[in-house]
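Engineer: Each chain, letter by letter, is given below.
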Amino acid sequence: MSPEAGKSPDYGIPALKAKALELRRLILETTHRAGMGHTGGSLSEADILIALYFRILRSIEAADPAKPTRDRFILSKGHASPGFYAALALRGYFPLEELSSFDSLGSRLQAHPDMLTCPGVDISTGSLGQGLSCGIGMALAAQANPALASFATFVLLGDGELQEGQVWEAALFAGARKLPRLVAIIDANSVQLASTTADAVGLEPLGAKWRSFGWACIEVDGHDMEGLCGALEKARADSSGGPVAVIARTVKGKGVSFMEGRYEWHGKAPNDAEFAAAMKELAL
Amino acid sequence: MIDEMVAPRLAFGKALVEFAPLFPEMVVLDPDVCTSTQTSLFRAAYPHRFYEMGIAEANAIGVAAGLASCGYIPWVSAFAVFLATRALDQIRVSVAHTGLPVKLNGSYGGLPSGRGGATHSSIEDLAVMRALPGMTILTPADSVETRAMTELATRLPGPVYLRTVRCEVPTIFDAAYRPVLGKATVLRKGSSGDVAILSEGMMSARAVAAADLLAAEGLKVRVLHFGTVKPLDGEAVAAAARECGRIVTVENHSVIGGLGAAVCELLAEEAPCRVVRLGFPDVFMESGDDGLIFSRYGLDACGIAAAARRLAAGRGPTGA
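The listed protein sequences correspond, in order, to chains A and B.
Per our numbering, residue 38 is the first one in the first sequence, and the count goes up by one each step.
Per our numbering, residue 147 is the first one in the second sequence, and the count goes up by one each step.
Just chain A, with the same shape it has in the complex (with noise of 0.2 Å):
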């Protein structure tokens, strides 16, 4: 399959929703394999990833990642990177196969996505906070330059990520100039490393927080594939007037039973057992 130019593939809900099985089965084997990495964040971006690189982002071309009109993507929760990895390659930026490297010695897909060597990585992240900063960037850049005038920028960050200072001078900045085409995704699956964000640092009322700061936003389920398509769509066409935000209310570790809402499953792989569980529940 290779997407036309300009044009994510056409692909109705249903298929959507298979792509999102998909890389949920992709995140497991790449955590398993590797016996590390981010399983909880990365199943509860998942639906969220598939949305956009299946069809929300535009003139995105995996011949071509680099190509200047591409709308531009940014995971500033850089470490859920198994689910953008596996993203990545369903999108064909690289093999599939590809996926078995992850977190080794060499590979492209480092732990924390790095723009270096990973096709498709518009800029690396890794330190929580500041891939909002660098959407703002990109945004200032396609307002300044009438060659990428057309070019949107997505920023998704965990929930988690928001109790870092540098996301609030960027939402400040972004919101004092309605600086336009940049959309900010909030995975709020309400579960940090070591605890639920409530017990950790409260971040509600998370929406009234990001409409003071002068940005729309929509709040919708980060797991009803139609709504968040529609979210999606909805913000991009809205951030011609200002940035949006889109809180997608998602469940960390989401569609294995035994990891869902619970922070133990922040930053551990799953053992044979749980592999063989989870894949099981995840069957096709």
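Honestly, I wouldn't trust all of these hints.
Among chain B residues calculated to face chain A with C-beta under 7 Å, some are [as the list claims (entries may be wrong)]:
id, residue
1, Ala204
2, Ser240
3, Pro316
Keeping only pairs whose Cα atoms sit at most 25 Å apart, straight-line, the calculated SDA-like set for lysine to any residue is [what the hints assert, rightly or not]:
id, chain 1, residue 1, chain 2, residue 2
4, A, Lys215, B, Asp178
5, B, Lys160, B, Ala191
6, B, Lys160, A, Ala181
7, A, Lys305, A, Ser227
8, A, Lys305, A, Gly163
9, A, Lys215, B, Leu278
10, B, Lys329, B, Thr265
11, A, Lys104, B, Glu171
12, B, Lys329, B, Arg420
13, A, Lys104, B, Arg195
14, A, Lys215, B, Leu413
15, A, Lys317, A, Arg299
16, A, Lys215, B, Leu359
17, A, Lys104, B, Gly217
18, B, Lys376, A, Leu153
19, A, Lys104, B, Arg301
20, A, Lys215, B, Phe196
A few chain A residues that don't get close to chain B, going by computed Cβ distances all over 12 Å [stated by the list, open to error]:
id, residue
21, Tyr48
22, Glu59
23, Gly72
24, Leu133
25, Gly143
26, Ser144
27, Arg145
28, Asn182
29, Gly202
30, Ala245
31, Gly278
32, Ser294
33, Phe295
34, Glu311
35, Lys317
None of these hints come from the bench; they were simulated from the model.
In this text, a Cβ means the ideal position worked out from N, Cα and C, and glycines have one as well.
Starting from the known structure of chain A, arrange chain B on it as the hints suggest.
Structural biologist: Just chain B, lined up with the frame of chain A:
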């Protein structure tokens, strides 16, 4: 004009305006210090290429990286201390690790901070920046070199940390001088067997003044100016050690991690010799007159000359 007193921060601000037509991709990001770091000149001349970021250095660095990833050459101009320490993680991950052509103007480098004391003096920035892989560190001596290095930095493909100081310093280079990246500049040849003084930034004018004091006493001191601290001109350092035998390093910085440390690291492996490091000891700065503080630590012509004299006589920094 030689000996004319000009502030490097002003030379930097003027250079941005001068070279803007040469680099249409160049933009300037300012965390609300433009009238101090002199990028207000660029703001006035090229308002559409100037981004006021508010008082938020971390965000400014990330935004610069995003712009650079789309073909721009962003200069982030801020107080050195708030780039090198407050925004260090952003510089490390979004700039140094990516290798993007983000240019950092560490203004108010070293002591002269407008009597800002401990919080505003930047005497650790060279140490911090040296530790980042791929970071080029430029420490111009005067306004002529600052102008030339602003262009040189903009032209380089990767990240650069340019250190400019606040106070007026004497011009030591004539207008035709062009620094070479990674090469020390010989300011006084000296003679073999005598001491070599290795200096950076605004200290180089003082090193020359010290050498001239010593020449009157018959001591012919070599003076090497390191306008590039990283990559260090190891050949020049090793040659100074072999030919002069004794070295004084002089820097507007802590003796930990800066030019003196870089020189010692290199010499320990390649050409061991006696080295005396002049710089700030392991202390925080305090408010007060810059000249008095520099003198307290021997960072004026007399202090440098005294250190060289003691070393030439075979004694250490305290005369022992």
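Engineer: Now, for every hint given, state plainly whether the structure supports it.
Structural biologist: How the hints compare with the structure:
| no. | hint | result |
| --- | --- | --- |
| 1 | Ala204 | holds (4 Å) |
| 2 | Ser240 | holds (5 Å) |
| 3 | Pro316 | violated (39 Å) |
| 4 | Lys215(A) with Asp178(B) | holds (19 Å) |
| 5 | Lys160(B) with Ala191(B) | holds (10 Å) |
| 6 | Lys160(B) with Ala181(A) | holds (23 Å) |
| 7 | Lys305(A) with Ser227(A) | holds (17 Å) |
| 8 | Lys305(A) with Gly163(A) | holds (17 Å) |
| 9 | Lys215(A) with Leu278(B) | violated (35 Å) |
| 10 | Lys329(B) with Thr265(B) | violated (32 Å) |
| 11 | Lys104(A) with Glu171(B) | holds (18 Å) |
| 12 | Lys329(B) with Arg420(B) | holds (22 Å) |
| 13 | Lys104(A) with Arg195(B) | holds (24 Å) |
| 14 | Lys215(A) with Leu413(B) | violated (54 Å) |
| 15 | Lys317(A) with Arg299(A) | holds (19 Å) |
| 16 | Lys215(A) with Leu359(B) | violated (60 Å) |
| 17 | Lys104(A) with Gly217(B) | holds (12 Å) |
| 18 | Lys376(B) with Leu153(A) | holds (22 Å) |
| 19 | Lys104(A) with Arg301(B) | holds (23 Å) |
| 20 | Lys215(A) with Phe196(B) | holds (17 Å) |
| 21 | Tyr48 | holds (28 Å) |
| 22 | Glu59 | holds (30 Å) |
| 23 | Gly72 | holds (25 Å) |
| 24 | Leu133 | holds (27 Å) |
| 25 | Gly143 | holds (17 Å) |
| 26 | Ser144 | holds (16 Å) |
| 27 | Arg145 | holds (15 Å) |
| 28 | Asn182 | violated (7 Å) |
| 29 | Gly202 | violated (7 Å) |
| 30 | Ala245 | holds (22 Å) |
| 31 | Gly278 | holds (20 Å) |
| 32 | Ser294 | holds (36 Å) |
| 33 | Phe295 | holds (34 Å) |
| 34 | Glu311 | holds (32 Å) |
| 35 | Lys317 | holds (39 Å) |
Figure legend: structure checked against the earlier numbered hints; hints not met, in rising order: 3, 9, 10, 14, 16, 28 and 29.
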